[in-house]
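With the hints as extra help, turn the sequences into a complete structure.
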Amino acid sequence: MIASRALLRSVAVLRFRIWLATALSFGALVTGLLCAQVNEEKGRDQSEETEARSASTPKPKKSPTPKAKRRHTPTPKPKTTKKKSGAKSKSARKEETPKPRKTPTPQVEEERAASESTAPLPRAIAVATPAPSPQPKPARTVPAGGQAQVVIEKSGIEEDQGFEPPPSPPPRRGFWPWSRSVSYRYLTSSVVDAIRRAPVKRRRWQFIVVHNSGTRQGNARVFDYYHKHVRRMQNGLAYHFVIGNGTSTGNGQVEVGDRWRRQINGGHVHSDYLNNISLGICLVGDFNRDQPTRAQLDACEELIRFLRDRCGKTERGTIPVKPHRDINPPRWPTDCPGDAFPYSWFRKF
778 MIASRALLRS VAVLRFRIWL ATALSFGALV TGLLCAQVNE EKGRDQSEET
828 EARSASTPKP KKSPTPKAKR RHTPTPKPKT TKKKSGAKSK SARKEETPKP
878 RKTPTPQVEE ERAASESTAP LPRAIAVATP APSPQPKPAR TVPAGGQAQV
928 VIEKSGIEED QGFEPPPSPP PRRGFWPWSR SVSYRYLTSS VVDAIRRAPV
978 KRRRWQFIVV HNSGTRQGNA RVFDYYHKHV RRMQNGLAYH FVIGNGTSTG
1028 NGQVEVGDRW RRQINGGHVH SDYLNNISLG ICLVGDFNRD QPTRAQLDAC
1078 EELIRFLRDR CGKTERGTIP VKPHRDINPP RWPTDCPGDA FPYSWFRKF
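The letter at position 237 of the sequence shown is residue 1014 when you use the numbering used here, and the numbering goes up by one with no holes.
Just so you know, not all the hints are guaranteed correct.
Cut-off 27 Å, straight-line C-alpha distance, at most; resulting in silico cross-link-like pairs (DSSO-like, lysine-lysine) [unchecked claim]:
1) Lys819 x Lys978
2) Lys1099 x Lys1125
3) Lys1099 x Lys978
4) Lys1005 x Lys1090
5) Lys1125 x Lys1005
6) Lys1090 x Lys1125
These are calculated hints, taken from the structure and not from any lab test.
Predicted, not measured: the structure shown is a model, and the values here were computed from it.
Structure representation (structure tokens):
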């Protein structure tokens, strides 16, 4: 009996302890929930108070507006003013719809960003229309948005120097043809017209170079075929003029090459630079064995004098006349126009 009573007491004590633990845990849970609900209500009350304060005090924050006006005043175009009004309306709309996380400070930053984005517009306009810079040469035209630049060709000649006017025909003193002041014996009317019609740039040609063909016969057509198909020269005949010796063409007959008509560089000197500034005249013949005919020398003299009048003067004066061997670079020596050529003839020029 005593053992049964002790057992019952222990069971009752255990049940009491279990009931007490459950009651304490349940009470702690309920108190935690109540505290959380109270905290949420307090947070809501605080948020509502902050919203009321932010909605009731947006007006005093508009004080920096005169600064924005000062920044926007230098804009000359009405488009920028429209952009400002749009920015102001957007800021006003944002102020009318208060949000808990947004304060008036980002609005001021947005206005500053808008003013900074619109500020460089007058600078771009000022750069787009600069005042014309003083030009070194009044004859040259410079584009509106660029600076005066010197355009240099392959030879180093300054471009766009204007064209040399063709020389006027010699005046007549009487009715008869023989009464002209100047008459040409070897320059025919077709040759003179071809030389006059070519668009010669001012100071384009700096030298006149005399060659021999190295063959006892030939003409401009034969040499053009040889240079184009055998030597693979794109522009054909390397010389600007050819003077015959009476074999394939007349003795002293002057033929005008395509390089003169097109006013392009020659291919008669072993230098690209010299080819671009020198005219080439070829006398048909091998002057290591023979001398040029008197008609060839007279025709060449007439041609050189007329070319000097047509091309104008250089910085050193009249265009100098040189044999090929004197103007060719020393790295590539040549005996052209030949050992038998009368070099005293060059003293005339």
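(Q) Next pair to validate is Lys1125 with Lys1005; report whether the Cα-Cα distance is within 27 Å. (A) violated (34 Å)
**Q.** Holds or violated: Lys1099 to Lys978, with C-alpha atoms at most 27 Å apart
**A.** With Cα atoms ~21 Å apart, Lys1099 and Lys978 stay inside 27 Å; holds.
Q: Compare the distance between the alpha carbons of Lys1099 and Lys1125 with 27 Å, and conclude whether the hinted pair is satisfied.
A: holds (11 Å)
Q: Sort out whether Lys978 lies within 27 Å of Lys819, counting only the CA atoms.
A: The hint is violated at about 94 Å.
Q. Holds or violated: Lys1090 with Lys1125, Cα cutoff 27 Å?
A. holds (17 Å)
Q.
With the threshold set at 27 Å, check whether the alpha-carbon distance from Lys1005 to Lys1090 stays at or below it.
A. Violated, at about 32 Å.
Comparing the model with each numbered hint stated earlier shows that hints 1, 4 and 5 do not hold.
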